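Chains as they are written, first to last, in the working numbering: chain A, 585 to 698; chain B, 11 to 120.
By construction, these hints were calculated from the structure, which means they are not laboratory data. Please note that the accuracy of each hint is not assured.
Stated by the list, open to error - If you anchor each label on the Cβ, the simulated ranges turn out as follows:
#1 A:K624 with B:P120: 20 to 30 Å
#2 B:G65 with A:E668: 24 to 34 Å
#3 A:P667 with B:K52: 33 to 43 Å
#4 A:S656 with B:D27: 16 to 26 Å
#5 A:T589 with B:P120: 25 to 35 Å
#6 A:K637 with B:K78: 42 to 52 Å
#7 A:P667 with B:T79: 40 to 50 Å
#8 B:E66 with A:P645: 38 to 48 Å
#9 B:K52 with A:I640: 20 to 30 Å
#10 B:G26 with A:P667: 40 to 50 Å
Since this is a predicted model, take the numbers as computed values, not measurements. A virtual CB, placed ideally from N, CA and C, is assigned to each residue, including glycine.
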Amino acid sequence: DTEVTQTPKHLVMGMTNKKSLKCEQHMGHRAMYWYKQKAKKPPELMFVYSYEKLSINESVPSRFSPECPNSSLLNLHLHALQPEDSALYLCASSQETSGRTTQYFGPGTRLTVL
Amino acid sequence: GENVEQHPSTLSVQEGDSAVIKCTYSDSASNYFPWYKQELGKGPQLIIDIRSNVGEKKDQRIAVTLNKTAKHFSLHITETQPEDSAVYFCAASILGDMRFGAGTRLTVKP
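If we strip away everything but chain A, and leave its shape as in the complex, we get (with noise of 0.2 Å):
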């Protein structure tokens, strides 16, 4: 089994809003990731969970703010974003960042921002 799932499916949230996204696996992975991906364009790494602990920040403002609390889920938490931040935000794990690097994908959340 190689699933990675996310919720919700569709969010579409006001630039005062907070809210969270969420991913979780049971495939036993170290390692879990948020891309953000616009129309039509690749998927862009944000972070990088390994063993819990956040190992890469590309950079990304700090109105989203990731969450690691097991070795299972991840969480994306979102606040005071802008309607640029619109985009399909996927989720994605692997065995471990070295090595076995494999990652597998979620089916990513909708996010509109109006």
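Following the hints, put chain B in place on chain A, whose structure we already have.
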């Protein structure tokens, strides 16, 4: 940082023909090269990958080749079918830091 270039951006083939997509990367430290297929409204799905100690890998109708010296790798799909129509992304990765090419929209005409 790593920069991945992918060509062509669009590719249209007749059913049964072969399709080839090419990528180049800039960072010689990259050691893992996956290919993903993304259908409309879905997340990327891994179709094949190759590591830097291997030159070629094949899985049924799909093959990938890697030339480390030239820093390029290619995806080959033989006997294409309409269900192969999708956007294909190549990627290069170092320690989980994965960078994608711009994508190729493949259309297989029946």
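So, going through the hints one by one against the coordinates:
no., hint, result
1, A:K624 with B:P120: 20 to 30 Å, "holds (24 Å)"
2, B:G65 with A:E668: 24 to 34 Å, "violated (42 Å)"
3, A:P667 with B:K52: 33 to 43 Å, "violated (24 Å)"
4, A:S656 with B:D27: 16 to 26 Å, "violated (43 Å)"
5, A:T589 with B:P120: 25 to 35 Å, "holds (34 Å)"
6, A:K637 with B:K78: 42 to 52 Å, "violated (31 Å)"
7, A:P667 with B:T79: 40 to 50 Å, "holds (45 Å)"
8, B:E66 with A:P645: 38 to 48 Å, "holds (42 Å)"
9, B:K52 with A:I640: 20 to 30 Å, "holds (25 Å)"
10, B:G26 with A:P667: 40 to 50 Å, "holds (45 Å)"
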